[in-house]
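Residue-level listing of the chains:
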Amino acid sequence: MVLIYIDQADQQIKKSSLEAISYGAALAKQLGVTAEGILLGTVTDDLASLGKYGLQKLHHVGDASLNHFDAKVFTQVLTDAAKATNASVLVFAHNLNGKAIAPAVAVKLHAGIVTGANSLPDTSNGFTVTKTVFSGKAFAEINIDTPIKVISINQNCFGVHMHEGATSVEALSIAIPAASIKVTATHKVDGEIPLTEANIVVSGGRGLKGPENWGIIEDLAKVLGAATACSRPVSDSDWRPHHEHVGQTGVQVAPNLYIAVGISGAIQHLAGVNRSKTIVVINKDPEAPFFKAADYGIVGDAFEVLPALTAAIQKSKA
Amino acid sequence: MKLLVCISKTPDTTSKIAFTEGNTKFDENGVQWIINPYDEWYALVRAIEMKEQDPSVTIHLVTVGEADAEPIIRKALALGGDEAIRINIQSNDSFVVASQIAAIAKEGAYDLILTGKETIDYNSACIGSMLAGLLDMPFVSLANHMVLNGNTASVKREIEGGEETCEVALPAIVSCQKGMAEQRIPNMRGIMAARTKPLKVVEPIVVQATTSIKTYDLPPAKSGVKLVAADNVDELVRLLKEEAKAF
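Protein chains in written order, with the working numbering: chain C, 1 to 318; chain V, 1001 to 1247.
Since the hints were made in silico from the structure, they are not lab data.
Heads up, a few of these hints could be off.
Pairs of lysine-lysine, DSSO-like flavour, derived with a Cα cap of 27 Å [stated by the list, open to error]: (1) LYS15(C) to LYS52(C); (2) LYS1075(V) to LYS1106(V); (3) LYS29(C) to LYS83(C); (4) LYS182(C) to LYS1214(V); (5) LYS1025(V) to LYS1214(V); (6) LYS277(C) to LYS1016(V); (7) LYS277(C) to LYS317(C); (8) LYS277(C) to LYS222(C); (9) LYS292(C) to LYS1226(V); (10) LYS1214(V) to LYS29(C); (11) LYS1245(V) to LYS317(C); (12) LYS52(C) to LYS1051(V); (13) LYS292(C) to LYS209(C); (14) LYS1226(V) to LYS1016(V); (15) LYS1016(V) to LYS292(C); (16) LYS182(C) to LYS1197(V); (17) LYS284(C) to LYS222(C); (18) LYS1051(V) to LYS1222(V); (19) LYS1241(V) to LYS292(C); (20) LYS1226(V) to LYS222(C); (21) LYS1226(V) to LYS315(C); (22) LYS284(C) to LYS1241(V); (23) LYS1222(V) to LYS284(C); (24) LYS1106(V) to LYS1051(V); (25) LYS222(C) to LYS1245(V); (26) LYS1222(V) to LYS292(C); (27) LYS1214(V) to LYS284(C); (28) LYS29(C) to LYS15(C); (29) LYS108(C) to LYS83(C); (30) LYS1222(V) to LYS277(C); (31) LYS292(C) to LYS1245(V); (32) LYS1226(V) to LYS317(C); (33) LYS1241(V) to LYS15(C).
Note that the coordinates shown come from a computational prediction; the quantities given were computed from them, not determined experimentally.
Work out the full structure, taking the sequences as your base and the hints as a guide.
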């Protein structure tokens, strides 16, 4: 059986988990087994409707104390749940919480793990998973050699797929260990779309000349419903906050559309964005290396091109 | 207070990535090796800052690798840290690597174990979490700020769309990312001192690998950029909508 970990925040199931369900359902079909989910805590979503992503059964540990993420507690509960349900493959989203617990659950289950998988495993001769390595500069095909297997999948690489069907929900009783952390403050940036969850990202570099010019980036992001990001020199100069820094040593993103404005495209920046489906580069330097990694490009002055592009998109959406 | 900082050797960020032996081995030809940036800039430097604030803090460094990892661990010692341990095994399997570090960690009874958020070569982000599983310790991942407060640490970690601050009782494991500390460059005094700091080589424990790398591939080259004239943004919008189906 394929057991999919369904991650929640603020009592809502995360988009990355819907993708994990779609992936787990396709994998279960490939292996000829059932696709089942495990949810910790209470959520406001309609659980039976998770069937439309391909989930056949949901094991629900509906204890409200699990609404706050705690890596040690979640590791133990998921390990016990995997044993109780006899899971042979566990699927996680390679999101912030998945990164924290999937490897720990794997060692507790004596399972091999591949994190950041890009596609369904090849099960014709073994169990071989392809993942991105060297920060997006290469792929590795890795075989998991243990009876139980754990996979976490890269966000936006598989997509959310719709099916017919409903999920049967079953309460699962698992002893919950004492909390190992105490959350003392939560700070959310209002109204901003989280970078790693965004479908579209608009990113600015040194070509914008200063933080006072970010309005044109924000305007474009707004009409597209996009998140904003920046290159490393920009966050290092404190033009923009560090959490917007996209690149090898910052946030790695894989949106459907990445629009880079005034960013030359150093190899370290490319490593953070090269899994994007479509890349648009706007730069006044026709020699900017970013054009070699782009799908579409405009050689021109950002201060003229961006307002025009924003207006054109607004017009096309009207 | 005893800290253990996990150090990994990775190719420099500008390295050209290539493979040999029928795409089964990373081509080390001409590759410059560095301390994994997340281990160095964030985990190690934060540990050094803690020792500067409280001289009773002891910092041990650990790396899993063969003799070719020694320049890297010496470089880490030049930045700071009291002594280093090299576990003499080369492995691409995260479980094998984490098991070696866990064995050292058990013996050393550390209060705090720091890792980078991931290495820039295999990007697995596994070691901190696996150590937490193997040692049954609290784990705070993707931390960008940490202060010690007696027997607890106050740690800020990234969450979707923001961050949260939590208190964790020691011993604990924390994986570090940008924001945790400012990058430093080793000075001559540090480099000289590192030569005489203890570097212990220990033999690995026997563990079975759980995964095996079959092959590597390079990503297919982009088919080439389609340039649109700067005064024709409507055409770009059309291409993005109709061809790329981007929105």
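We went through each hint and held it up to the structure:
1. LYS15(C) to LYS52(C): Given that 27 Å is the threshold and the Cα spacing comes to 14 Å, the pair holds.
2. LYS1075(V) to LYS1106(V): holds (25 Å)
3. LYS29(C) to LYS83(C): Holds. LYS29(C) to LYS83(C) sits at ~21 Å (cutoff 27 Å).
4. LYS182(C) to LYS1214(V): violated (42 Å)
5. LYS1025(V) to LYS1214(V): At roughly 9 Å apart (the allowed maximum being 27 Å), LYS1214(V) and LYS1025(V) satisfy the hint.
6. LYS277(C) to LYS1016(V): Holds. LYS277(C) to LYS1016(V) sits at ~23 Å (cutoff 27 Å).
7. LYS277(C) to LYS317(C): This hinted pair holds, its Cα atoms lying about 21 Å apart.
8. LYS277(C) to LYS222(C): With Cα atoms ~20 Å apart, LYS277(C) and LYS222(C) stay inside 27 Å; holds.
9. LYS292(C) to LYS1226(V): holds (10 Å)
10. LYS1214(V) to LYS29(C): With Cα atoms ~25 Å apart, LYS1214(V) and LYS29(C) stay inside 27 Å; holds.
11. LYS1245(V) to LYS317(C): holds (14 Å)
12. LYS52(C) to LYS1051(V): violated (54 Å)
13. LYS292(C) to LYS209(C): Answer holds: LYS292(C) to LYS209(C) is near 23 Å, not above 27 Å.
14. LYS1226(V) to LYS1016(V): Holds, at roughly 26 Å.
15. LYS1016(V) to LYS292(C): holds (16 Å)
16. LYS182(C) to LYS1197(V): At roughly 38 Å apart (the allowed maximum being 27 Å), LYS1197(V) and LYS182(C) break the hint.
17. LYS284(C) to LYS222(C): holds (23 Å)
18. LYS1051(V) to LYS1222(V): violated (48 Å)
19. LYS1241(V) to LYS292(C): Answer holds: LYS1241(V) to LYS292(C) is near 22 Å, not above 27 Å.
20. LYS1226(V) to LYS222(C): holds (25 Å)
21. LYS1226(V) to LYS315(C): holds (23 Å)
22. LYS284(C) to LYS1241(V): holds (24 Å)
23. LYS1222(V) to LYS284(C): holds (21 Å)
24. LYS1106(V) to LYS1051(V): Measuring from Cα to Cα gives roughly 22 Å; hence the hint holds.
25. LYS222(C) to LYS1245(V): Roughly 18 Å between the alpha carbons, so the hint for LYS222(C) and LYS1245(V) holds.
26. LYS1222(V) to LYS292(C): holds (8 Å)
27. LYS1214(V) to LYS284(C): violated (43 Å)
28. LYS29(C) to LYS15(C): Roughly 22 Å between the alpha carbons, so the hint for LYS29(C) and LYS15(C) holds.
29. LYS108(C) to LYS83(C): Roughly 10 Å between the alpha carbons, so the hint for LYS108(C) and LYS83(C) holds.
30. LYS1222(V) to LYS277(C): holds (11 Å)
31. LYS292(C) to LYS1245(V): Holds, at roughly 21 Å.
32. LYS1226(V) to LYS317(C): holds (23 Å)
33. LYS1241(V) to LYS15(C): Satisfied, since the Cα-Cα distance of roughly 23 Å is no more than 27 Å.
Of the hints listed earlier, those the structure fails to meet are numbers 4, 12, 16, 18 and 27, in rising order.
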